[in-house]
Amino acid sequence: MLTRLGPFLAIGLLTVPVAFGLAGTLLPAFGYLPALGGMEFGLAPFAMLFSEPAIFMSALMSLVSGLATAAISLAVVMLFTAAWGGTRHFARIQHLISPLLSVPHAASAFALAFLIAPSGMIARLISPGLTGWERPPDLLIVHDPFGLSMMAGLIVKEIPFLLLVTLAALPQVKPARMRALIASMGYGRISGFVFGLWPSIYPQIRLPVFAVIAFATSVVDVAAILGPTTPAPLAVRLVDWMNDPDLSMRFLASAGAVLQLGVTAAAILIWIGFEKLGARLRDRFSCAGRRFRRDRVLRWGALAAMLVSACAIFAGLVALGLWSVAGLWQYPDLLPARFDLRNWMRVLPNLVEPLATTLFVAFISTFVAAVIAILCFVREDEMGHPPGRGALALLYLPLLVPQVAFLFGLQLLFILTGVEATLAALVFAHLVFVLPYAWLALKDPWRAFDRRYDQIAAGLGKGPVRRFFQIRLPMLARPLLAVAAIGFSVSVGLYLPTVLIGAGRLTTITTEAVALASGGNRRVIGIYAFMQMVLPAAGFAVATIVPALIFRRYRDMHV
Amino acid sequence: MRALLFSTALLAIGAVSAAADTTQPDPSNWDAVLKDARGETVYFNAWGGSQNINDYIEWAGDALKERYGVTLRHVKLEDTASAVATVVAEKAAGRDAGGTVDLIWINGENFAAMKQQGLILSPGWAEKLPNWAFVDVENKPTIRTDFTVPVEGLESPWGMAKLVFFYDTARIHVEDLPQDADGLLKWAQENPGRFSYPQPPDFIGSSFLKQVLAETVEDPAVLQKPVDESAFDQVAKPLFDYLDALNPAMWRSGRAYPQNYPAMKQLLADSELDIIFAFNPAEASNAIANGELPDTVRSFTFPGGTLANTHFLTIPYNASAKAGALVAANFLMSPEAQARKQDPAIWGDPTVLALDRLDVDDRARFDAIDLGVATLRPDELGPALDEPHPSWMERIETEWKRRYGVGN
Numbered sequence: 001m002l003t004r005l006g007p008f009l010a011i012g013l014l015t016v017p018v019a020f021g022l023a024g025t026l027l028p029a030f031g032y033l034p035a036l037g038g039m040e041f042g043l044a045p046f047a048m049l050f051s052e053p054a055i056f057m058s059a060l061m062s063l064v065s066g067l068a069t070a071a072i073s074l075a076v077v078m079l080f081t082a083a084w085g086g087t088r089h090f091a092r093i094q095h096l097i098s099p100l101l102s103v104p105h106a107a108s109a110f111a112l113a114f115l116i117a118p119s120g121m122i123a124r125l126i127s128p129g130l131t132g133w134e135r136p137p138d139l140l141i142v143h144d145p146f147g148l149s150m151m152a153g154l155i156v157k158e159i160p161f162l163l164l165v166t167l168a169a170l171p172q173v174k175p176a177r178m179r180a181l182i183a184s185m186g187y188g189r190i191s192g193f194v195f196g197l198w199p200s201i202y203p204q205i206r207l208p209v210f211a212v213i214a215f216a217t218s219v220v221d222v223a224a225i226l227g228p229t230t231p232a233p234l235a236v237r238l239v240d241w242m243n244d245p246d247l248s249m250r251f252l253a254s255a256g257a258v259l260q261l262g263v264t265a266a267a268i269l270i271w272i273g274f275e276k277l278g279a280r281l282r283d284r285f286s287c288a289g290r291r292f293r294r295d296r297v298l299r300w301g302a303l304a305a306m307l308v309s310a311c312a313i314f315a316g317l318v319a320l321g322l323w324s325v326a327g328l329w330q331y332p333d334l335l336p337a338r339f340d341l342r343n344w345m346r347v348l349p350n351l352v353e354p355l356a357t358t359l360f361v362a363f364i365s366t367f368v369a370a371v372i373a374i375l376c377f378v379r380e381d382e383m384g385h386p387p388g389r390g391a392l393a394l395l396y397l398p399l400l401v402p403q404v405a406f407l408f409g410l411q412l413l414f415i416l417t418g419v420e421a422t423l424a425a426l427v428f429a430h431l432v433f434v435l436p437y438a439w440l441a442l443k444d445p446w447r448a449f450d451r452r453y454d455q456i457a458a459g460l461g462k463g464p465v466r467r468f469f470q471i472r473l474p475m476l477a478r479p480l481l482a483v484a485a486i487g488f489s490v491s492v493g494l495y496l497p498t499v500l501i502g503a504g505r506l507t508t509i510t511t512e513a514v515a516l517a518s519g520g521n522r523r524v525i526g527i528y529a530f531m532q533m534v535l536p537a538a539g540f541a542v543a544t545i546v547p548a549l550i551f552r553r554y555r556d557m558h559v
Numbered sequence: 001m002r003a004l005l006f007s008t009a010l011l012a013i014g015a016v017s018a019a020a021d022t023t024q025p026d027p028s029n030w031d032a033v034l035k036d037a038r039g040e041t042v043y044f045n046a047w048g049g050s051q052n053i054n055d056y057i058e059w060a061g062d063a064l065k066e067r068y069g070v071t072l073r074h075v076k077l078e079d080t081a082s083a084v085a086t087v088v089a090e091k092a093a094g095r096d097a098g099g100t101v102d103l104i105w106i107n108g109e110n111f112a113a114m115k116q117q118g119l120i121l122s123p124g125w126a127e128k129l130p131n132w133a134f135v136d137v138e139n140k141p142t143i144r145t146d147f148t149v150p151v152e153g154l155e156s157p158w159g160m161a162k163l164v165f166f167y168d169t170a171r172i173h174v175e176d177l178p179q180d181a182d183g184l185l186k187w188a189q190e191n192p193g194r195f196s197y198p199q200p201p202d203f204i205g206s207s208f209l210k211q212v213l214a215e216t217v218e219d220p221a222v223l224q225k226p227v228d229e230s231a232f233d234q235v236a237k238p239l240f241d242y243l244d245a246l247n248p249a250m251w252r253s254g255r256a257y258p259q260n261y262p263a264m265k266q267l268l269a270d271s272e273l274d275i276i277f278a279f280n281p282a283e284a285s286n287a288i289a290n291g292e293l294p295d296t297v298r299s300f301t302f303p304g305g306t307l308a309n310t311h312f313l314t315i316p317y318n319a320s321a322k323a324g325a326l327v328a329a330n331f332l333m334s335p336e337a338q339a340r341k342q343d344p345a346i347w348g349d350p351t352v353l354a355l356d357r358l359d360v361d362d363r364a365r366f367d368a369i370d371l372g373v374a375t376l377r378p379d380e381l382g383p384a385l386d387e388p389h390p391s392w393m394e395r396i397e398t399e400w401k402r403r404y405g406v407g408n
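Chains as they are written, first to last, in the numbering used here: chain A, 1 to 559; chain B, 1 to 408.
Among the hints, erroneous ones may be present.
[As the list claims (entries may be wrong)] Listed below are several chain B residues computed to face chain A (Cβ distance under 10 Å; list not exhaustive):
| no. | residue |
| --- | --- |
| 1 | Ser50 |
| 2 | Asn54 |
| 3 | Glu78 |
| 4 | Ala92 |
| 5 | Gln266 |
| 6 | Pro294 |
| 7 | Ala354 |
| 8 | Arg357 |
[Said to hold, decoys possible] Some chain A residues flagged as far from chain B (calculated, every beta-carbon gap over 12 Å):
| no. | residue |
| --- | --- |
| 9 | Gly42 |
| 10 | Ile55 |
| 11 | Asp138 |
| 12 | Ala183 |
| 13 | Leu269 |
| 14 | Gly289 |
| 15 | Ala304 |
| 16 | Ala305 |
| 17 | Phe314 |
| 18 | Tyr331 |
| 19 | Arg346 |
| 20 | Ala448 |
| 21 | Ala517 |
| 22 | Val524 |
| 23 | Arg555 |
Hints are computed from structural coordinates only; laboratory data are not their basis.
Glycine included, every Cβ here is placed at the ideal spot set by N, Cα and C.
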């Protein structure tokens, strides 16, 4: 009975906020919002939008950066998996990269900024010795007008994500056997993978790729930290308009959110065009019998790209940590002249409240998401078949619709019902984003569970409830804790939902960090970004250590 | 199962919004205000981009909690306009009580906007606060006139501001320092890439534009009146000619700007910028004390004068914790809080009080403050230029955005 609720709750959670949010954005975009005096439908907000200076420049920036981010990160992941799949290097890199998935976007953007700025760690490392830069060069690197830094910041975060979804899809295509078969026909590693394995992997990771495009075209926090400012990418300007004291700007912001929706949709459509083009090229080469045996350069290039992206984040995080304990630290000193714990002592009292909110919201939303996901899977077992493709697409809905596009409307809805800036509203908003990840992370372990344990227990006369709580849940403790860690890290990293629904009154470590970004106080940013990084890492540590402790006396449960 | 029930219960609890405070506290009956305030939570919407200011507010919150039972929550804003936006939105949604903003750090065009739209707790309350007795109304005219707009007790003074420049003596000789805006332009052209200003509409960035406007305008009297749209282009022409000339000589050739003045401080420490500025004369001393700047940094101003103004606290008409907000505003105006604020080791923001009105102990607090090596004495700060009417700020911000904000 209860299990029937699972799918309903899940579908409701994934669709209702998005649908209501979109409605709450669309109506004002067309001039209708009685609370603000907009009684008639019309195109005035759009007229206002298109008269904004450089609006197309902003939209174009969002479009291009979204496509480039997806294309480059997918290419790196594909080439790397092709060239190194099944080797020891692959396993090592996989271990190196996986923790990066849990580093919030804002923290990795800061890490990159600290590294590549003209007075950043790289410049300090090679100056003045190699470069002769006695003073930082006047180079526009962070906030560059083409958004290259912003794209780099997104790419280093999307590579781990795409690598992980690729890894999840890989076993189903039996890579070892396929590789041997293709190699026996004389193909190079990369071409063999692209011709033989990729066509059956890509359809499985297509939705995550779309999610990357949607995210990269509409990101706010990374764009604010690394992106251009004259003009800023579309989503950043939208959030500014939303916060403008002039009421009419809300109409403008809503119209802008509709434009954002269009930009993201256009980006995905263009991507589908790329897909077709890519498939054609592939067929052409494969039908021509090209085997591309000499792919050494490409193979090492893929490895290098992977290593650079991982090391950039790690080095940047070290720089962040250093700044958090730095006293006076002038260019071009590689290390601070003095170390000083005073920064931490000063900031810690301010940290308590955002930290409490972060933990509370993350725990509750993760817990609820995990319960709903479990209910869905139990229901699936009862039904005897997995949900259809439509249900899967639904799961990606909150990840495919640009956040600004429906969060504006959702915020308005919460204001009108008087629940904005309450913990419950914030948990609800986080749940929308945590649930898809919880579901996806639990899917494979749940389905891989050996049903015969259930049957044995049933044979011994245990009822379904006891079987569930005494057999299934304990045996799935490891993946369940992993799901919790993933949900937790997703919640910790959420910026826009927290800013808009928390209305500035409920702040988390992430919103505080991004708010401080503009102040340019590297010491304080270092502390917040460090906390941002430590929280998810702690979650994953718990998810690793606790099962090891629980199962220490059960040899077959060891990994 | 239980989890589900729990979460449902949680959602239900959240839906019950806080009971609204409909009583109007009367500051002339201070004891009643204190009694009312006990147990209230004041959401203080204040710019949160500077750590030393945040720390100071944290200290004030602790003191308020301990002495008056008032909880102060700092809502850290990037731009004060967003607090105004919140009140505007609440008014539009008919939420005339139980608003989410209780106290705002404000002045200039944000105050003008709130006053004009009737969004402030009224009638005027600031001059009825007990600590008003110490305020230096005579010698600090900007306390009663905020950017040409009469204050009328609708905001309580919190601190004084004066545009002051900072440089590193390790890199610039004192005789090379510019003496006015034109000198600054010349200096920037001789030292390309070493000067910038925060990107308007950042408050300090816009203030720099107003400084140049005030220096270059033909007839300064027009700035004291609202913008006359028909004459704007002509009046503002010298300003934009100046900026056109300055832009290519700026940091990053004017293609990017620091986001605010603390960001400029970091750039001075990194030796990316050579001359920076702030509205707080003790900014550099404070940064030296915190290890953010080397102790070779010093201050200077223009002999012809720089902008000066006052910053205030105000209470929205629909605030949930009006009594608590009044208590907080009064406390922040107290000799104790003002003296602590003026200490460069804490913040360094000049006081709004008249020292000769204080008793001996309170005066001693101010006398004990070490202004720091990099702070100019009050008589070295130079003449004060009047802030233009708020409409100028808005108008030149829009024009700036059109010309430089969408560059490339």
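Verification of the hints:
At a threshold of 10 Å, the smallest CB-CB gap from B:Ser50 to chain A is about 6 Å, leaving the interface hint in force. The closest approach between the C-beta of B:Asn54 and any C-beta of chain A is roughly 6 Å, which is under the 10 Å cut-off, so the hint is satisfied. Evaluation of the B:Glu78 hint against chain A yields a held restraint, the C-beta minimum of about 6 Å falling below 10 Å. The closest approach between the C-beta of B:Ala92 and any C-beta of chain A is roughly 5 Å, which is under the 10 Å cut-off, so the hint is satisfied.
Taking 10 Å as the C-beta contact cut-off toward chain A, the hint placing B:Gln266 at the interface holds, the least distance being around 4 Å. The beta carbon of B:Pro294 is positioned within 10 Å of a beta carbon in chain A (closest approach about 6 Å), and the interface hint is therefore held. Of the supplied interface hints, the one on B:Ala354 is violated, with its beta-carbon coming no nearer than about 32 Å to a beta-carbon of chain A, more than 10 Å. Interface restraint check: B:Arg357 against chain A, minimum CB-CB distance 33 Å, threshold 10 Å, status violated.
With a least beta-carbon separation of about 19 Å from chain B, A:Gly42 lies farther than 12 Å from that chain, consistent with its non-interface assignment. A beta-carbon of chain B comes within 12 Å of the beta-carbon of A:Ile55; the shortest separation is about 9 Å. Taking the minimum C-beta to C-beta distance to chain B, about 4 Å, the non-interface status of A:Asp138 is violated against the 12 Å cut. Every CB of chain B lies more than 12 Å from the CB of A:Ala183, the least distance being 49 Å, so the non-interface label holds.
At the 12 Å boundary, the C-beta of A:Leu269 stays outside the reach of chain B, the nearest C-beta of that chain being 26 Å off. Look at A:Gly289: its CB is around 47 Å from the nearest CB on chain B, clear of 12 Å, so calling it non-interface holds up. Every Cβ of chain B is farther than 12 Å from the Cβ of A:Ala304; the closest lies at roughly 30 Å, confirming the non-interface assignment. For A:Ala305, the condition that its CB be more than 12 Å from all CB atoms of chain B holds, with the nearest at approximately 27 Å.
For A:Phe314, the requirement that its beta carbon stay farther than 12 Å from each beta carbon of chain B is met, with the minimum near 23 Å. Annotated as non-interface, A:Tyr331 brings its C-beta within 12 Å of a C-beta of chain B; the closest such distance is 5 Å. Annotated as non-interface, A:Arg346 brings its C-beta within 12 Å of a C-beta of chain B; the closest such distance is 6 Å. Every CB of chain B lies more than 12 Å from the CB of A:Ala448, the least distance being 24 Å, so the non-interface label holds.
Taking the minimum C-beta to C-beta distance to chain B, about 8 Å, the non-interface status of A:Ala517 is violated against the 12 Å cut. Here A:Val524 does not stay apart from chain B, with its beta-carbon only about 5 Å from theirs, under the 12 Å limit. Chain B leaves A:Arg555 outside its interface by the beta-carbon criterion, the shortest separation being 32 Å against a cut-off of 12 Å.
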